[in-house]
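Visitor: Here the sequence shown stands for residues 1 to 92, where the numbers follow my numbering.
Hint data in this document are derived by calculation from the structure and do not stem from the laboratory. C-beta: ideal position from N, C-alpha, C; glycine also. Be careful, since some hints might not be right.
[What the hints assert, rightly or not] The calculated label-pair distances, taken between Cβ atoms and stated as ranges, are: (1) E59 with R17: 26 to 34 angstroms; (2) G22 with G82: 29 to 37 angstroms; (3) D6 with A26: 13 to 21 angstroms; (4) A46 with R21: 25 to 33 angstroms; (5) E42 with H74: 17 to 25 angstroms; (6) F87 with D29: 15 to 23 angstroms; (7) D48 with F87: 13 to 21 angstroms.
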Amino acid sequence: MKCSDDIAVLANPGAGRGRHRGLLPAVLDRLGAGGRTVRLLEADSAEDAEKACHRAVAEGIGALVAVGGDGTVHRALQAVAGTGVGFGVVPA
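Whenever a hint applies, use it, and build me the whole structure from the sequences.
Guide: Listed below in C-alpha cells is the structure:
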C-alpha cells in the first residue's frame, strides 16, 4: 500500500466537556499549512470513529491525528498500530 501525504483527523468535539471545541479549526489550518490535504473523519459513535480511522489507513492516508482525550487517542491508535502510517495527538 502506497501512503499519500494526506492527513486524516479524528476529533471528539465533546472532549474536555466541549471546552476545546474552538481548537479544531486552528489544528486543521495548521496541519494544512504545508500544502497537505487534511480531512476530518466523520463519526457518530466511538465504534464509527474507529472504523473511520481503519478505513483512512486502508485507503493509504499518510498520517492520522487524534484530537481529544484518552478514548479518541485509543481509537485512532488501534488503526495505525503495526502500520507505517504517521500518528499524532493533540490533547484536548
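Visitor: All the hints need checking, so say for each whether the structure fits it.
Guide: Results of checking the hints against the structure:
1. Between E59 and R17 the C-beta distance comes to about 32 angstroms, which sits within the given range of 26 to 34 angstroms.
2. The given range of 29 to 37 angstroms is respected by G22 and G82, whose C-beta atoms sit roughly 34 angstroms from each other.
3. As the Cβ distance of D6 to A26 is approximately 19 angstroms, the hint placing it in 13 to 21 angstroms holds.
4. Between A46 and R21, the C-beta spacing of about 18 angstroms breaks the proposed range 25 to 33 angstroms.
5. In this structure the hint that E42 and H74 lie 17 to 25 angstroms apart at CB holds, the actual value being about 19 angstroms.
6. Separated by about 20 angstroms at the C-beta atoms, F87 and D29 satisfy the suggested range of 15 to 23 angstroms.
7. A hinted range of 13 to 21 angstroms for the beta carbons of D48 and F87 is consistent with their spacing of about 19 angstroms.
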